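Q: Just so you know, the sequences run in chain order A and B. For the first sequence, my numbering begins at 1 and goes up steadily by one. For the second sequence, my numbering begins at 1 and goes up steadily by one.
Honestly, the hints are just simulated from the structure, not real lab data. Just so you know, these numbers come straight off a predicted model, no measurement behind them. Glycine included, every Cβ here is placed at the ideal spot set by N, Cα and C. Where hints are given, some of them may not hold.
[Claimed, not checked] The following label-pair restraints were derived from C-beta to C-beta distances: (1) B/Leu112 with A/Glu560: 42 to 48 angstroms; (2) A/Arg810 with B/Thr99: 53 to 59 angstroms; (3) A/Asn266 with B/Phe92: 38 to 44 angstroms; (4) A/Glu550 with B/Asp88: 40 to 46 angstroms; (5) B/Val33 with A/Lys543: 45 to 51 angstroms; (6) B/Asp88 with A/Asp467: 31 to 37 angstroms; (7) B/Asp71 with A/Glu560: 44 to 50 angstroms; (8) B/Thr99 with A/Glu539: 42 to 48 angstroms; (9) A/Arg639 with B/Val30: 41 to 47 angstroms; (10) B/Val33 with A/Leu791: 53 to 59 angstroms; (11) B/Lys22 with A/Arg637: 27 to 33 angstroms.
Each chain, letter by letter, is given below.
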Amino acid sequence: MTAAGYGLYSDSGKRSQTEIPGSITLLSRLGPEVESERQRIRQQFEADAGSSSTPRALCELADRNLQRVFSEVLRVHNGEAQGLSLLAMGGYGRRLLFPYSGLDILFLFGNKKAEAEFRPLIKEFSRVLWDLGFRVSSAGRTIDECKRIEEDNAEFHLALLDRRFLSGDSNLFERLDTKILPGSERQARPFLLAQLDRLTKDRLSRYGNTIYHLEPNVKESPGGLRDYQATVWLQTIRGESKDARTAIAKAVDFLNDIRCFLHYSNGRNDNTLTYELQAAAAARSLGIPDGPTKDKAAELALASERASGHEAADWMRMYFRQARILNCSLLRHMEQRTPVTALSLKERIFSATRVTKIGVAKPFAVRDGLLEVVAPGALSDRAVTFSLFTAAATTGIPLSREAERTISYILTHPEVRAQNVELSWATLRDILGADYPGLALRPMQTVGLLTEVLPEFATIDSLVVRDYYHRYTVDEHSLGTIEHLQELGHVTDGLGANFSPLWKTVERRDLLILTMLLHDIGKGMPVDNHITGSLQALESVAKRLGLAPEEEDEVRFLVEHHLDMSATIQRRDIFDQGTVSLFARTAGTLERLQRLTLLTYADIHAVNPEALTPWKAEMLWQLFVATANHFSRTLDRDRLQASTEVSLLAQVRAQTRDAKEGEIENFLEGFPRRYLAVYPASEIADQFALCQKLTDEPMQSAVKATQHGFSLTLLTADRPALFATMAGVLAGWGMNIIKADAFANAAGVVLDTFQFTDMHHTLELNPGEIERFRKNLADVVNGKAALEPLLQSRDSANRAKPPKIPVDTRITFDDSSSLHSTLLEIVTQDRPGLLYAIGSALVKEECNIEVALIDTEGLKAIDVFYLTARGKKLTEQKKEVLRQALRANLG
Amino acid sequence: MKKVEAIIQPSRFESVKDALYKIGIEGMTVTEVRGHGRQKGHTEVYRGREYTVDLLPKVKLEMVLPDALIDKAVDTIVEAAKTGNIGDGKIFVSSVTDTIRIRNAERGESAL
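The shape of chain A in the complex, shown without the other chains (with noise of 0.2 angstroms):
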């Protein structure tokens, strides 16, 4: 804060025309002394390496000084004291002076006429300190104007929290100190907590609400000095005592030495830490107690020229985990809105261990908005800490400052017993799968919770990559394209307003999140290219975590890919059908292009706030766009030729019992290639043995529980209206079909796939209804019951309700796209029974499904069909006759 700040007194140490005659010799005695003074300070600064007494020394010689001028300012004036006093305010009022910071001051008046009397004293007192090298900002108030709190200068009102009296009438110091200022300030208590919440605020969101920046301003970033001022003076505030713990002493000495060093290295109040001057303060162990102390000016150039990159990143991590502890302690106490209560962190785990055991029905519950710890004793057990943090990733409810602080309590004593600490992938899974993900894997990382289950993450911890366009450490780049990812969920404009559905429907979530933590660890490793590295992190972390096979071969693509997207915006033409088609073949299905559409407009979103541009984005979309419609556009034209496919059958072929020679070549033969990227080998294997089967049941079907409902394979020959005949089986059961897809192989054996929710929760609590469904489906199918009896007994129960976002109906043929075939797109409200009502349209214009792919968006239904009719393309005439049909059937 600055005189400007305080506004009053503009301190430009120009010369004044009323120049006191004894200014210049006052200057010529003066000025050698203070200089010499300086050089002494500075000198010892080098010698220690550092030295915390350094701002208090230069403290020291601005009292001294400005007190010798006052008085020889008032001497030359022939003026007492009387009535005007001199107050040091802010850093300065704190005692704490860096080497090119602004001084503080307040010239207190008795009165109005004393003001008048005192200006032009005042004038030239500054003007002498300026010359003699003090940045002074001043301001002045009559002490009747400092009763009134000024509603536009919230500033000075918090800077005169740390008044100190220098020097003038003291006893008018007294009177504001003890009199005037206690009852005011807790008079405008409320004013200067709203005041301070919204510059601190505003500040830290500067600067990213993150102390992650690879090069951060130790005085204004979050994690600076001023986040350790606006704590003492929320303490100040509310009348707490000051928060005396150790490592915020520890923190705060740290910082004042880097502050003192940027001063000292810029010649200036530059407070900004380049990556130059990390590489300097890291040479000489700046700030390390037990560092190697270097005394010689040349010796430590030496040091600093030979400062290797991992020397200066280890120092910096030193940095953040400083910044850490001053960050924590501002937002914890912004955060605290009732008093704290008198037992010790200590004390409250250790006695609520003993009311746990009594019987505390849940360990953490929802206070102000925020997770709170109840029985912090509980948190000994790790599977209750996951829990807190899965609560926090499904229901976007934040923890508390002070629930972290407890966990971080926790992992760091021994003393307290920690139970279950190993975390299965299943919960981990739940986290990073959940709507919320990185209001847990944030916490997680500050606590150091997110390194010890992925140990992997240390590598990039508070990291810093030399790079012009990054901002951020590597850690909190990853952290942060998990939270633009975690906003797409309730973007409604701007740059995500495209990707939002995309993060909404996308599948298997968990494993994106997974790859965003693991993208970039490589840079942590000494790998000439990083994605080596993270491929390597990704196989311990697989191995340890125990993934599937499928579920590493989908991170690894994620990771291996993670730049592609982006340089073929940037260094190909997206317009071209030909970079498409290259692209479509990277991406290889629908699915993966939509985590990959997402991990790379969160991997530019995360790498500062201005790298996403409208432009960038644009490109992103419009790739994504001509991708997804290559591929539903392409699904008939690319069929496998099994023979080829050497290494697939190898795994099938092992995963497979009696096949005989050419049996599996035989079933793959024909399918789209689409069927070999949505499957993997252990489902194909499942296939081909129900595949097997079928020569003693003409019908064979597997009903599988998933994460979001069930799924229902069918296999059987090929037969008029059987895609129809199932979705009308699945919707006279209730079933509310999400996703579906519909191959045939060149045998003419029919594979079907839905994709369902149970609405009714029929399979869901009675099991042994999966079996009469799975025989109730083959009875339909082979003709043996009626599928209309039971579509009655469910149409009263499905009628639908008005929907709350209604979808116009679209219906689109595409002739260009297959050679064969007729595309026919229809883009509608998603309803139970839709998908059988579409069908029976078909059926009754002969049409034949020779691809289906069905989807559900929201309230959105996107369904296409591969349409023959007597093994062409439909006419013109037929389909018009087909659209008019499902506009009558979809209402």
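Given the coordinates of chain A, work out where chain B should sit on it, guided by the hints.
A: For chain B alone, kept in the frame of chain A given last:
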């Protein structure tokens, strides 16, 4: 002195930049822009929604060069940016009256 403004396909940017470096032109201002000339936009449909791309993404390069370098720079850009299709872009050349280096107030071609 003349100012060269080139509007090119984003995919050609790296090639153009490298080609300009090779002939000694390293100073340029690059902007992500959108627009269209004769290469009008097109409409994509995705999941029932129409996305009209009427302003196509382009990259704009700006550089001020001594008169002697203009023809070489223009030829280099044309060669590196050309694909032969509509939408390859345009180059505009205009006169510049003066250049001032802010650091030391140096003026004219030597300030380039």
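Q: Hint by hint, note whether the structure agrees.
A: These are the hints, each one checked on the structure:
no. : hint                                       : in the structure
1   : B/Leu112 with A/Glu560: 42 to 48 angstroms : holds, 44 angstroms
2   : A/Arg810 with B/Thr99: 53 to 59 angstroms  : holds, 56 angstroms
3   : A/Asn266 with B/Phe92: 38 to 44 angstroms  : holds, 42 angstroms
4   : A/Glu550 with B/Asp88: 40 to 46 angstroms  : holds, 44 angstroms
5   : B/Val33 with A/Lys543: 45 to 51 angstroms  : holds, 48 angstroms
6   : B/Asp88 with A/Asp467: 31 to 37 angstroms  : holds, 32 angstroms
7   : B/Asp71 with A/Glu560: 44 to 50 angstroms  : holds, 45 angstroms
8   : B/Thr99 with A/Glu539: 42 to 48 angstroms  : violated, 56 angstroms
9   : A/Arg639 with B/Val30: 41 to 47 angstroms  : holds, 45 angstroms
10  : B/Val33 with A/Leu791: 53 to 59 angstroms  : holds, 57 angstroms
11  : B/Lys22 with A/Arg637: 27 to 33 angstroms  : violated, 42 angstroms
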